[in-house]
Amino acid sequence: MMDLRFELAKIINHSSPGDGVNESPLPGAHCIKFSHLGRRMKQHWHASLCIVAQGCVKIILDREVYRCDGAHYIATPIDLPVTSRLFAATPEQPFLCLKIEFNSLYMSEVAAQIEKDFPKETENPLRAMFIGKASNQMLEATIRLGKLFQVSEDAPVLGPLVIKEILYHLLKGPDGPALRQFVCSGSKMYKVSKAIYTLRAELSKDVDVTSLAKAANMSRSAFFKHFKEVTAMSPIQYQKRLRLLEARRLMTDDGETAEGSAFKVGYNSASQFSREYSRMFGNPPLRDVVKIKITGDSIHRI
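Under the UniProt record's numbering, the letters of the sequence shown match residues 1 to 302, in that order.
Keep in mind the hints are simulated off the structure, nothing from the lab.
Certain hints may be false.
Only pairs whose alpha carbons sit at most 25 angstroms apart, straight line, appear in this in silico DSS-like list of lysine-lysine [stated by the list, open to error]:
(1) LYS133 / LYS58
(2) LYS293 / LYS58
(3) LYS194 / LYS164
(4) LYS205 / LYS225
Modelling step: build the complete structure from the supplied sequences, incorporating the hints.
The following block contains the structure:
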């Protein structure tokens with residue numbers, strides 16, 4: 001396993017011309033490299049599989065702390081607003097990971113092949129944050145995927161096949177039964193994940209929990225309970241955090257004004273936006289954006 005981890009780290013480093021999220025020839029697959037620790041960063045963690053080859057990252061979901069280091073993976077079947085911080089990253093030994101954005105079609109296809117019958121739903125609450133040890137088979141497949149990044153004409157053809165192989169090893173592993181709940185139509189987790197997709201797609205609209213519950217074929221109280229089990233927060237809290245994170249992205253990446261960002265994500269009151277933004281990020285919008293530009297911190301850390 002150690003040799004596989006070192007080989008994967010070497011490939012990711014070679015495919016990362018600089019610090020940050022480096023694109024690959026394959027849409028949805030990224031090599032991530034950071035040579036410095038940086039500060040704690042609130043971020044929109046997209047539904048994905050991150051396989052860490054070197055370094056260590058700590059993720060905070062509400063009040064829960066998750067830690068992931070080399071030869072381990074982070075699997076999040078839905079988008080989550082989190083706080084992350086690197087705990088092992090130097091110029092000599094940078095933090096390195098390969099990130100694969102979850103493709104719902106790939107996930108459903110692989111899950112269907114693994115389990116023909118509808119999987120039994122767990123009675124225990126499922127949090128949508130899974131940290132596990134990457135198997136040798138998963139690491140070997142990830143290495144092959146990384147090597148494809150060096151052959152741009154092969155990556156679009158062979159890459160999806162290798163990604164499905166990686167997902168197969170993930171869904172066959174210890175976290176597989178729980179993860180499959182999020183892609184199996186009819187399960188409670190699937191219904192909640194569809195509601196979350198709706199919230200994200202309609203970010204500027206106010207949350208209507210009753211309508212979301214009805215679409216999920218659940219009572220309002222049952223929907224609220226399952227939503228909080230999955231995300232560690234209520235639907236309103238979830239939307240508010242995603243709104244503020246998106247507003248921050250609009251200001252730092254697109255050069256949008258604070259007022260324009262607030263309006264685009266659904267705020268009607270600039271003062272309310274500034275107040276809630278300051279509460280979440282520790283500074284009002286303009287000061288926060290200036291600080292990010294001065295420090296060079298990326299809001300897309302992983």
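Hint check:
1. A C-alpha spacing of about 15 angstroms is found between LYS133 and LYS58, which places the hinted pair at or below 25 angstroms, so the restraint holds.
2. A threshold of 25 angstroms between alpha carbons decides the hint, and for LYS293 with LYS58 the separation of about 23 angstroms falls inside it, so the pair holds.
3. This hinted pair checks out: LYS194 and LYS164 have alpha carbons roughly 22 angstroms apart, not beyond 25 angstroms.
4. For the hint linking LYS205 to LYS225, the alpha-carbon distance of about 22 angstroms falls within 25 angstroms, and the restraint holds.
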